[in-house]
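Colleague: Sequence:
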Amino acid sequence: MFGEQPGVTTLVGRLVDESRTLVSAEVALYKAKAGERVSAYKSAIVFFAIAGVLGLAALVALLVGLIMALATVLHPIWATLIVVGVVLLLAAVLGIVGKGRLAGPERSV
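Numbering-wise, the sequence shown is residues 1 to 109 according to the numbering used here.
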């Protein structure tokens, strides 16, 4: 009377096609949002990287200064070995503490 109604398979096919379109649009939306966030933080990341490099350079300068200061009292090789040994010991302790933090919260006995 009102014309031929589409069959169930046609309706299911349309539903699948529209679902794919919806999912594709959602994925595109989330990609766009992620792109905005990345570009917003890009300049901050650059400044943090520069700050990190400058901080590392300052640490190297401090260690060289410590070696030079100790070299006035000790032989330069001994001064270097002492400073490097202390820094490596500190790095080992910090690495062990970090490894312990990865294991999860400490359990009280």
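Errors might be hidden in some of the hints.
[As the list claims (entries may be wrong)] Between beta-carbon pairs, the in silico distance windows are:
1) 96 with 51: 23 to 31 Å
2) 22 with 46: 19 to 27 Å
3) 5 with 25: 27 to 35 Å
4) 16 with 100: 45 to 53 Å
5) 85 with 26: 29 to 37 Å
6) 8 with 42: 44 to 52 Å
7) 36 with 5: 38 to 46 Å
8) 46 with 69: 57 to 65 Å
No lab work stands behind these hints, which were simulated from the structure alone. All of these numbers come straight from a predicted model, not from anything done at the bench. Backbone N, C-alpha and C define an ideal beta-carbon position, used for all residues, glycine too.
Colleague: Each of the hints needs a verdict: does it hold here or not?
Modeller: Here is what the structure says about each hint:
1. 96 with 51: 23 to 31 Å: For residue 96 and residue 51 the Cβ distance comes to about 27 Å; the hint holds.
2. 22 with 46: 19 to 27 Å: Distance hint for residue 22, residue 46 is violated at roughly 37 Å.
3. 5 with 25: 27 to 35 Å: holds, 28 Å
4. 16 with 100: 45 to 53 Å: holds, 52 Å
5. 85 with 26: 29 to 37 Å: Distance hint for residue 85, residue 26 is violated at roughly 57 Å.
6. 8 with 42: 44 to 52 Å: Hint holds: Cβ distance 51 Å, inside 44 to 52 Å.
7. 36 with 5: 38 to 46 Å: holds, 45 Å
8. 46 with 69: 57 to 65 Å: At 35 Å between Cβs, range violated.
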